[in-house]
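Here the sequence shown is numbered in my numbering, starting from 2 and rising by one per residue.
Derived by calculation from the structure, the hints in this document are not laboratory data.
One or more hints might be untrue.
Unchecked claim - Label pairs and their in silico Cβ distance ranges:
| id | residue 1 | residue 2 | range |
| --- | --- | --- | --- |
| 1 | 128 | 334 | 20 to 28 Å |
| 2 | 249 | 327 | 35 to 43 Å |
| 3 | 364 | 95 | 21 to 29 Å |
| 4 | 381 | 209 | 21 to 29 Å |
| 5 | 180 | 117 | 45 to 53 Å |
| 6 | 212 | 249 | 39 to 47 Å |
| 7 | 207 | 296 | 18 to 26 Å |
| 8 | 351 | 121 | 45 to 53 Å |
If you're wondering where the values come from, they're calculated on a predicted model, not measured in any experiment.
Where a beta carbon is used, it is the ideal one built from N, C-alpha and C, also for glycine.
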Amino acid sequence: MSAAQPAGVTPPPASSSPASDWDIRRPHRMWPRMLVIVLTLAGLVLVVQFFQGIASIAAPVFLGLNLVIVAYPLQAWLIRRGLHPVLGAATTVLLVVAVMAVFGGMMVWSGLELVAELPKYADRFQQIVLDVSHWLNERGVTPDMVSQQLASIDMSAVTGTAVSAITKIATNVYAVFGLLVTVIMGMFFLAMDSMDVERRVRLLSTARHEFGHALVEFAQGVRRYWVVTTVFGLIVAVLDVIALMLIGVPLALVWGVLSFLTNYIPNIGFIIGLLPPAVLGLAAGGWSDFLWVVVSYSVLNFVLQSVIQPKVAGDAIGVIPTVSFLSLLFWAWVLGPLGAILALPCTLLAKAVLIDADPNARWINALIASDLKGMERRQSSLLERLRPAAWRSDAHGKDEDRAPTDGGDDDGPATDEVTGGAGAAPGR
């Protein structure tokens with residue numbers, strides 16, 4: 002206590018409001034803000050170009066990392082049951098590969114069924130085009146132009162193009178094989194390295210607590226995202242198949258598989274899974290079946306993913322829908338088609354490394370994070386811990402005056418609240 006401060010007088014708090022992690026005192030800025038922004042954008046362009054150049058390697062390896070993170074609880078359980086760590090990792094990888102094989106078989110079967118069924122509806126599609134042309138002609142909507150353009154459409158050629166595209170995708174064994182080999186090899190080495198991941202995380206958290214905590218939250222968020230997406234995607238697919246069977250749309254099982262697979266594409270996956278069965282319903286049963294397919298898909302997806310899923314599983318994404326949609330566009334552009342599936346995990350990793358691990362950047366979560374209530378609770382708790390002792394004692398001052406400590410003296414020396422209420426040092 003300084004000589005200018007009278008004994009027993011508590012100094013006032015340094016500021017009129019308590020400190021928080023949102024009010025960080027930064028040193029004087031050495032660089033102009035505009036220069037910092039320009040350099041940051043230039044660095045971002047270089048990083049994006051780098052990842053575009055290695056997309057054929059980075060995307061499969063990151064997919065393997067996601068699968069290892071999801072399957073790690075199974076690997077840890079096998080090791081706890083007495084299985085050797087190497088055997089536990091190998092068993093986990095084999096099980097994940099088996100699941101991937103099931104997914105691949107479902108895709109191949111769906112493609113073959115569609116190739117066999119689609120040419121049957123070429124005449125029906127041609128008739129639909131003529132009906133639409135006639136309907137527009139009756140209402141005077143540029144009849145000559147519409148008639149010429151629509152009449153020139155050869156639906157047999159369109160269906161043939163679709164069939165050839167599907168066949169080309171299905172027969173491109175080399176590209177698919179290369180992708181699978183990269184994913185499986187990446188999974189194998191990552192699973193081997195994950196045997197010591199808990200010890201490594203403890204060491205990392207000791208040296209860099211914020212960064213280690215951010216990586217743990219990333220792993221938990223990725224695991225929660227994939228599990229919730231898979232479970233609710235399976236439920237939606239089963240209900241879609243039942244609805245399509247009741248409506249009478251052909252290839253209901255094929256469209257159920259498509260609905261399940263496109264569920265992994267955020268935001269627009271629902272539309273991709275809806276359009277093919279709706280169009281085939283139009284060809285098979287007319288406009289009424291088309292409308293029933295659209296309504297049933299929309300209701301089922303809205304109820305399950307917008308009403309039930311948030312209540313059962315909470316927030317499985319971690320970012321607001323706008324960020325989710327922009328992530329889809331950005332990562333699909335950077336990493337290619339596989340980036341559409343990995344968009345949200347990539348965003349969660351970038352958020353963990355660049356925002357969550359840096360206390361000076363966490364304010365960005367107020368703009369992009371979806372769990373505002375959790376942020377408000379954490380901020381309130383932090384504010385309470387950071388509030389000066391003099392502020393906390395004000396709320397209990399009257400109670401302390403009415404009930405002094407047993408054996409103490411009301412006129413005794415005041416507690417040193419600035420140093421945490423430790424009182425006078427021995428011998429003072």
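Going down the list of hints, with the structure as the test:
1. Remark: the range hint 20 to 28 Å for residue 128 to residue 334 is contradicted by a beta-carbon distance near 39 Å.
2. Between residue 249 and residue 327 the CB atoms are about 39 Å apart, so this pair conforms to the stated range of 35 to 43 Å.
3. At roughly 45 Å, the beta-carbon separation of residue 364 and residue 95 lies outside the given 21 to 29 Å, and the hint is violated.
4. Between residue 381 and residue 209 the C-beta distance comes to about 26 Å, which sits within the given range of 21 to 29 Å.
5. At roughly 26 Å, the beta-carbon separation of residue 180 and residue 117 lies outside the given 45 to 53 Å, and the hint is violated.
6. A hinted range of 39 to 47 Å is violated for the C-beta pair residue 212 and residue 249, which are about 56 Å apart.
7. For the pair residue 207 and residue 296, the supplied restraint of 18 to 26 Å is violated, since their beta-carbon distance comes to about 56 Å.
8. Evaluation of the 45 to 53 Å hint for residue 351 and residue 121 yields a pass: the beta carbon distance comes to about 47 Å.
The structure fails to meet hints 1, 3, 5, 6 and 7 from the earlier list, while all remaining hints are met.
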